[in-house]
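2 protein chains.
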Amino acid sequence: MNYNANLNPRITDEQIFEKITEEQESIGYYNLPFQNTTQIKEYAKTVKQKDIAIIGIGGSTLGTFAIYDFLRRSNSYDKELHFFESTDPIDLKTRIDCLELENTLFIVISKSGTTIETISIFKYLNTQTKIDKNNCIVITENDSKLNSYAKKNDIKTFEVPKDVGGRFSVFSAVGLVPLAIIGIDIDSLLKGCKKVYNSFFQKKEFYKPMMTKARFIAEYKHKFNINVVFSYSALLKGFNQWYVQLWGESLGKLDNDNTNQGLTPIGILGPVDQHSFLQLIIEGKRDKTVTFIKVNDFENDIEIPNYKLEGLEELDYIENIPFSKLINYQADATIRAVQDLGDIPCDTITIDKVDEYNLARLMFGYELLTSIVGQFLHINTYNQPGVENGKIILKNKLKNRK
Amino acid sequence: MNYNANLNPRITDEQIFEKITEEQESIGYYNLPFQNTTQIKEYAKTVKQKDIAIIGIGGSTLGTFAIYDFLRRSNSYDKELHFFESTDPIDLKTRIDCLELENTLFIVISKSGTTIETISIFKYLNTQTKIDKNNCIVITENDSKLNSYAKKNDIKTFEVPKDVGGRFSVFSAVGLVPLAIIGIDIDSLLKGCKKVYNSFFQKKEFYKPMMTKARFIAEYKHKFNINVVFSYSALLKGFNQWYVQLWGESLGKLDNDNTNQGLTPIGILGPVDQHSFLQLIIEGKRDKTVTFIKVNDFENDIEIPNYKLEGLEELDYIENIPFSKLINYQADATIRAVQDLGDIPCDTITIDKVDEYNLARLMFGYELLTSIVGQFLHINTYNQPGVENGKIILKNKLKNRK
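Heads up: the protein sequence lines correspond to chains W and U, in order.
Counting from 1, one number per residue, gives the positions in the first sequence under my numbering.
Counting from 1, one number per residue, gives the positions in the second sequence under my numbering.
Simulated from the structure, these hints should not be mistaken for lab results.
Be a bit skeptical, because a hint or two may be false.
For chains that are exact copies, the list does not tell them apart, and a pair is met inside one copy or across any two.
What the hints assert, rightly or not - Below are the BS3-like pairs computed for lysine-lysine, each with C-alpha atoms no more than 27 Å apart in a straight line:
#: 1; residue 1: 221; residue 2: 399
#: 2; residue 1: 156; residue 2: 19
#: 3; residue 1: 41; residue 2: 397
#: 4; residue 1: 285; residue 2: 19
#: 5; residue 1: 237; residue 2: 93
#: 6; residue 1: 50; residue 2: 93
Using the sequences plus the hints, can you model the full thing?
See the structure below:
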């Protein structure tokens with residue numbers, strides 16, 4: 001008798017690459033960079049309303065908010081996005097008060113079409129103003145109950161493809177429609193996605209760094225179970241929130257051995273969180289990787305003036321430094337301080353400019369990284385079975401209430 | 001020869017209690033509930049400006065923002081707080097654009113008096129409008145360089161006591177002065193603090209739960225190295241950020257054995273993060289404790305109306321539910337789903353109402369809990385030596401730039 005085996009080989013980059021390549025047949029987000037945007041852009045031009053209210057939650061809003069939050073301060077859009085996601089009654093009333101209701105377009109976004117928060121808020125909004133085909137559109141799967149509602153009321157719809165999951169849907173109609181309406185260049189967004197897609201699948205510049213990073217994160221998942229993104233720009237707050245959903249919901253799973261996996265995402269901002277979370281990174285347990293994100297060129301910069309404050313002469317050395325330089329010096333000093341410790345894995349991503357193309361590269365890159373890490377971990381990156389039990393309990397509570 | 005020892009006894013609650021009691025001699029935040037607020041209230045009445053710009057970062061702003069964020073939507077204050085903390089040039093310009101500069105009071109807050117972000121932003125603001133004793137006050141230690149600046153320019157100052165650390169300073173002048181100015185009842189805040197203080201130090205209702213929780217967190221610090229606060233109200237976003245600083249910066253330390261400690265704080269919001277982080281809690285690695293925070297009474301509630309959406313009849317069962325009930329049903333369903341798993345430590349804190357007294361109880365309670373956990377961990381809860389190296393590197397970079 002002869003027996004020969006290699007039961008636990010170290011998986012190769014090439015094997016992972018093949019799996020990712022195969023995944024494209026069933027996972028729709030990989031195709032989004034190549035979609036035709038004509039219809040969306042044509043529709044966007046017809047929108048007259050000034051306030052755009054997005055009624056959605058989770059994957060229906062986080063990506064759109066990330067892009068809007070990054071760009072809105074350095075662009076003067078003549079329309080404004082408003083996000084309705086929480087069922088907190090005080091928050092909800094405050095957000096409604098910010099709308100000029102007669103001059104608002106309502107965009108109802110729910111992939112499944114029956115998201116309880118979204119439909120509750122939408123019902124309430126219907127009692128605050130008349131909502132019909134003239135001031136409402138719907139973005140959902142094409143056979144959902146929300147789609148039926150739209151059809152029965154002659155309301156325009158855009159489709160969320162069935163094979164595009166909520167947290168991977170920002171570059172589908174979910175994100176592109178509201179972003180195009182306020183004037184964001186959605187073709188530049190997709191150009192950024194394509195750049196990353198091609199570079200990875202043609203095994204060019206991004207291939208090796210992505211594989212190396214994903215492998216490290218997966219292989220050290222027990223030692224470094226927390227992945228911190230430390231973004232040195234206030235404009236990346238929305239991106240951080242989007243990253244937390246993408247990473248946490250995709251990678252927090254039972255694996256094929258029924259073991260609880262889970263890489264915990266944390267998003268923090270520099271320099272503000274130098275005065276908060278940084279102490280924990282530096283002296284805390286060595287359970288974290290840190291990815292720094294920097295913005296190279298903020299454009300339209302301002303400078304710390306040569307303005308004397310009597311008594312505070314000690315700080316005169318900061319004069320004549322552009323703020324964009326200061327924040328990047330702060331990032332570099334923190335990176336150096338972390339590297340000096342020698343036992344905290346860290347890397348740095350630099351965004352060239354505050355524009356559509358560069359943010360989309362970052363975001364599509366993170367989607368791809370998430371997929372690759374998921375393959376290394378032998379999990380289903382694209383479902384979220386863990387939240388179903390809570391939904392059932394809630395439904396029973398609501399149906400059986402007195 | 002005889003040798004008898006008990007080298008590693010399990011520390012008793014009583015021993016911890018004694019240490020906390022002793023700590024009060026050198027740690028100032030314990031005394032803040034009992035301060036006289038007359039001077040602050042008198043000054044607050046004299047402020048005429050409508051926009052209140054707080055220039056500060058970290059402990060100088062997070063607590064104030066937490067309280068303001070919690071209360072502002074259900075109160076109609078006739079003044080508005082604006083926070084200047086980031087050196088991001090685009091963010092900074094946007095925040096300045098929101099001010100009516102001639103109708104703004106500038107409050108410069110820095111405990112040390114030489115915080116680089118704060119002084120940089122303050123210098124810049126000085127070139128945007130005339131700043132002097134008529135539209136500026138300073139909150140700092142009484143021998144700081146910022147205090148010298150104020151004295152030389154006849155600018156009013158409030159003191160941050162030396163023995164009150166930044167992240168424990170919200171109930172000192174740091175928080176009370178700006179909050180009193182916009183009309184928040186600071187005596188109710190202190191009443192909430194006193195309630196917790198007395199209950200703990202007189203070993204009444206809060207004593208046992210706090211000790212039990214702190215002991216659990218400390219004794220299971222390796223298994224459960226992440227402490228999630230899951231707040232079911234959009235109004236608690238600022239509280240979550242404040243908690244992250246308090247917990248992370250206080251408890252991320254080298255202990256007396258020179259070992260890296262570190263309990264990682266995470267703040268999330270319900271129901272929004274049911275669609276994001278919850279999957280990771282449910283199916284991810286069992287490395288997290290979860291504390292749910294609920295608001296019992298939102299007041300001025302609104303209800304999901306009895307409004308039919310043709311095609312969406314499936315969801316008619318949500319009609320006539322007040323939103324405050326819905327969000328609490330959502331919390332309860334999530335709590336139940338987490339409890340059903342049987343291996344995730346969780347607890348629930350319920351706030352009675354959206355007011356000063358109740359939020360202060362929560363916040364002072366968290367400060368006390370942080371102190372107790374710090375004692376269990378044998379660390380210095382009140383310093384932050386880990387961030388010093390980065391500051392030195394930055395200073396050298398700035399001084400030696402070409």
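Now for the hints, and whether the structure bears them out:
1. In the homo-oligomer, the alpha carbons of residue 221 and residue 399 never lie at most 27 Å apart, since the shortest distance is 41 Å inside one protomer and 40 Å across protomers.
2. For the identical chains of this complex, residue 156 and residue 19 are neighbours neither inside a copy (38 Å) nor across copies (66 Å), given an alpha-carbon limit of 27 Å.
3. Taking CA atoms no more than 27 Å apart as the test, residue 41 paired with residue 397 passes in neither setting, with 43 Å inside one copy and 47 Å between copies.
4. Proximity of residue 285 and residue 19 under a CA criterion of 27 Å is satisfied inter-copy only: 25 Å between copies versus 34 Å inside one chain copy.
5. Within a single copy, residue 237 and residue 93 get their C-alpha atoms as close as 24 Å, and across copies as close as 17 Å, so both meet the 27 Å cut-off.
6. Taking identical chains as interchangeable, the C-alpha atoms of residue 50 and residue 93 lie at most 27 Å apart whether they share a chain (19 Å) or sit on different chains (23 Å).
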